[in-house]
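Residue numbers (my numbering), protein chains in the order written: chain A, 1 to 373; chain B, 1001 to 1417.
Bear in mind the hints are in silico, worked out from the structure with no lab data behind them.
Among the hints, erroneous ones may be present.
As the list claims (entries may be wrong) - For the chain B half of the interface with chain A, some residues (derived, Cβ under 7 Å), not all of them:
1) C1019
2) M1022
3) E1024
4) V1027
5) L1089
6) A1237
7) W1238
8) L1240
9) P1242
10) V1304
11) L1308
12) L1311
13) G1315
14) Y1316
15) L1319
16) F1370
Being a predicted model, the structure only gives us computed values, none of them experimental.
Idealized CB from N, CA, C, for every residue including glycine.
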Amino acid sequence: MSKSFVLLLNNIRRWRHDLPIIVLIVLGIASGFFAINISDGYIQYRLTSSQGMQYTTVSVYLDQTKLDLGTLSDFIEQEPLGPVNNLVLFTDNENQPLILGWKGNQIERWFSVNSEPFFSAEDMRTSARKVYLSDTLLPAGTKDYSNASFEINGVKHEIIASSSLMRYNFFRGTALSADQRSETGIAIIPYSTYLKSGLSPSLMRIDLKAYRPGDRQRVHETLIKWFGESNVNYPMNYLTSQLSSMIYIYTTAALLSVLSLMGIVALFSYWIETNKPQYRVYLLCGASTWRVRSLILLEWSVISFAALLIAVSVQLLISEPLSTVYVYTNFSPFRIAAIFIGELLITTLLLSPSIRNGATAFSTDLVTGGDIQ
Amino acid sequence: MKRLIIMTAMYSSRLGKECFLMLELIVLLILANFVLSPFIKDLSMRNVIMSHVPQHAIYRGASSSDADTALTVERMNFLDEQIQTLPGLIGQGKVSKYYSIFGKTDKDNVTSVIFYNDDMIRNTSLPLSEGAWHNEPGTDPCSIYIGGTLKEQYDVGDPIEIQCTFVDFNSDGSEDSQIKIDISAVVAGKLDGEDFYYHLGTPGSYASLRTIGQYANDQAVKIGENVAGNIVIVAGAWSLVPLNMIAVNDLLFFDDSIDTVSDAAILQEANPQLGSFTALETLDKNQRKETLQSLQFETIMLIVLLPLTLLGIGGYSVLMIIRKQRELALYHLCGMSKRTLLFMNIGSKLLLIIPPAALSLILAPNIAVFFTDGYTFNWISFCLCVGFALLVLMTSTLLGALRIRRMNIIDLIRKGD
Chain A
1 MSKSFVLLLN NIRRWRHDLP IIVLIVLGIA SGFFAINISD GYIQYRLTSS QGMQYTTVSV
61 YLDQTKLDLG TLSDFIEQEP LGPVNNLVLF TDNENQPLIL GWKGNQIERW FSVNSEPFFS
121 AEDMRTSARK VYLSDTLLPA GTKDYSNASF EINGVKHEII ASSSLMRYNF FRGTALSADQ
181 RSETGIAIIP YSTYLKSGLS PSLMRIDLKA YRPGDRQRVH ETLIKWFGES NVNYPMNYLT
241 SQLSSMIYIY TTAALLSVLS LMGIVALFSY WIETNKPQYR VYLLCGASTW RVRSLILLEW
301 SVISFAALLI AVSVQLLISE PLSTVYVYTN FSPFRIAAIF IGELLITTLL LSPSIRNGAT
361 AFSTDLVTGG DIQ
Chain B
1001 MKRLIIMTAM YSSRLGKECF LMLELIVLLI LANFVLSPFI KDLSMRNVIM SHVPQHAIYR
1061 GASSSDADTA LTVERMNFLD EQIQTLPGLI GQGKVSKYYS IFGKTDKDNV TSVIFYNDDM
1121 IRNTSLPLSE GAWHNEPGTD PCSIYIGGTL KEQYDVGDPI EIQCTFVDFN SDGSEDSQIK
1181 IDISAVVAGK LDGEDFYYHL GTPGSYASLR TIGQYANDQA VKIGENVAGN IVIVAGAWSL
1241 VPLNMIAVND LLFFDDSIDT VSDAAILQEA NPQLGSFTAL ETLDKNQRKE TLQSLQFETI
1301 MLIVLLPLTL LGIGGYSVLM IIRKQRELAL YHLCGMSKRT LLFMNIGSKL LLIIPPAALS
1361 LILAPNIAVF FTDGYTFNWI SFCLCVGFAL LVLMTSTLLG ALRIRRMNII DLIRKGD
């Protein structure tokens, strides 16, 4: 066994004499690891969830006199813009309900539903005669939807649910505004049913995932290819709205990481300083500087590994009570290992002056009995 | 002076450890202030509303059809007539749609202007730093209350000229219509603190206390030009507000015969055409739930900061004093009492908080400029953070001193030899 390991084992046995101090140091370093793990986990969660929310809605104003419904149907089926989260076709005639043909299931972006059902993939595939209504269109006295129906173009559609749909939510970000004043209500049907009914849309809105500068040109070219020079409304870059909260989160997480690293470095440099007399005795007895430095590094590794185990255990223990406010827990062993190694390297780098200093022999101090500082 | 010299003598020779501790404290104070400030703000909003709105108040959110469309005069009158028939009603508080009205005063270019009707003034109030709310606004149709930088430009009693531009926007952000009104009035009061005001929410928003109240600074960036968060409240003069600028929600005030929580449900059942009814207590309960959900990140940060401060900074501080045990034993042998030693130690630690507190006081508001999402520097949270850091330093010093106290003085000298 390497001599450094033998010295390490001897030292570990000796640590029990200074148990409160070693416990304090290990717990302090554990709190640093815990803080970095948690903030890393939250940032990962925010990035993932905000990517999920980073839709962009492209509005295509369609000329109903020139529109070929076959081409539109192919466009919807083939999804040439890539997978769409929602695609909504609008028919908004004066004094008539606003009729929306819906594809996709990310409805939360447009309106909130509680536990009401929405259209299944099967409904969309089979052009089911089903409708989701705004409250204002619900026939008077309707409480049980099972036998209720609503007519669109003279055809009865089964009412699956209703809620307080607001026209504003559907027209937000478009250039169509005056029509919003209508009080005629909203009826949502599957897009396939919509197309089958022969309805002609004046507006198509598509929720695309992510929207980066290069995407705009690609989307524009694709739309020209399919619909000619359409009047298309592109949204602003979504990053603008995300930026503010992300700056806050990154700054706070960065400050927390700095604080954690400073705490770790402070506590371990204290450890080195306390044990300096002992390292000097090793040096006086003939140990090489390299041997003492490797011993300090080994001690540092043992202490930080113990701290990491405590940090991860605490993280596991509090994950359940915290679940109401903290939905992401960073328990990927690979990620935790990566963070641990990263932290170990950074702190070792920051501690290198202390390690170098601890492994330097000033033999005269010991011989003359000088104060050890 | 002698004690101060001894206190400073307790620091390490090159102040390396103390500087490191102070750096940690700077980061801690800035960080803790960032994460605590939103909670304090929420709490102060709650306190303002709960102490300045009568308990027998019910928030009425417009029905979806009314919220979705521009109300006609007939519809608005019909709704008002229906509301007036509600049993026990003593007032119907209304405000203008705050986000649509921009004003120019004679001393400032951009100001948000909000109109309160007589009932709103009579039944609610807000903390004022100067002046008083007029209990009978009818006698003084245009009392003006000011916030933001306007507070520095006008005194109570000063005449004020405001040109209000009522702008109705289309959903794409373009202007739909514009009406200009000039108001000449007198400054009757100045909003206190961070300029809190009632705005009665937007249609469809979740009914919590935030639906009723708003800080001027939270809107500063959203309004864009109004970075100073200036706000002008016009009390009375309700007839000046165009119909399409009146918020469709209102705050209904009832007499003592009403038990708002149960009666809100009864009102909801009996008058579904009027919208949704939510009692003040329910708004408060919703707010607490919403705070935990919306301040998820801040909650986690606080949970993480606690052990980090206690063990990281506190632990380091304990170790620093333990390391000085020989030096302290020498002071004791030279005649210093243990009590004085303890005070010297605590004093030397407390001195360390001054530079970090001063620096973080300068840095925190400057860093916060980049957080445009409603974060403003908050004195209460800053003081709480400094207090907490002091407590940790003091406790850790006491713990370190207690450990030394239990040891024999000779052992302290001998230790390490």
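Tell me if G1315(B) is really an interface residue toward chain A, meaning its C-beta lies closer than 7 Å to one of theirs. Check passed: Cβ of G1315(B) comes within 4 Å of chain A, closer than 7 Å.
Does L1089(B) pass the interface hint, meaning its C-beta sits closer than 7 Å to a C-beta of chain A? It is violated, given that the least Cβ distance between L1089(B) and chain A is near 25 Å, above 7 Å.
Under the criterion of a CB-CB separation shorter than 7 Å, is W1238(B) in contact with chain A as hinted? At 24 Å from the nearest chain A Cβ, W1238(B) fails the 7 Å test, so the hint is violated.
Min Cβ distance, L1319(B) to chain A: is it shorter than 7 Å? Interface hint status for L1319(B): holds (5 Å vs cutoff 7 Å).
With chain A as the partner, please determine if L1311(B) meets the hint condition of a C-beta pair closer than 7 Å. 4 Å, holds
Mind checking the CB of M1022(B) against every CB in chain A and telling me if the closest is under 7 Å? 11 Å, violated
Closest C-beta approach of Y1316(B) to chain A relative to 7 Å, hint status: This hint holds: Y1316(B) lies near chain A, its Cβ roughly 5 Å from the closest one there, short of 7 Å.
Given hint F1370(B) near chain A, where the shortest CB pair must fall under 7 Å: Result: holds, 5 Å to nearest chain A Cβ.
Please check whether V1027(B) passes as an interface residue: C-beta within 7 Å of a C-beta belonging to chain A. 5 Å, holds
Under 7 Å, Cβ to Cβ, is where A1237(B) needs to be relative to chain A, so tell me if that hint holds or is violated. 28 Å, violated
At a threshold of 7 Å, is the proposed contact between P1242(B) and chain A supported by beta-carbon distances? With a closest approach of 16 Å, the P1242(B) hint is violated.
Does the closest beta carbon of chain A sit nearer than 7 Å to the beta carbon of L1308(B)? 5 Å, holds
In summary, the numbered hints that this structure violates are 1, 2, 5, 6, 7, 8 and 9.
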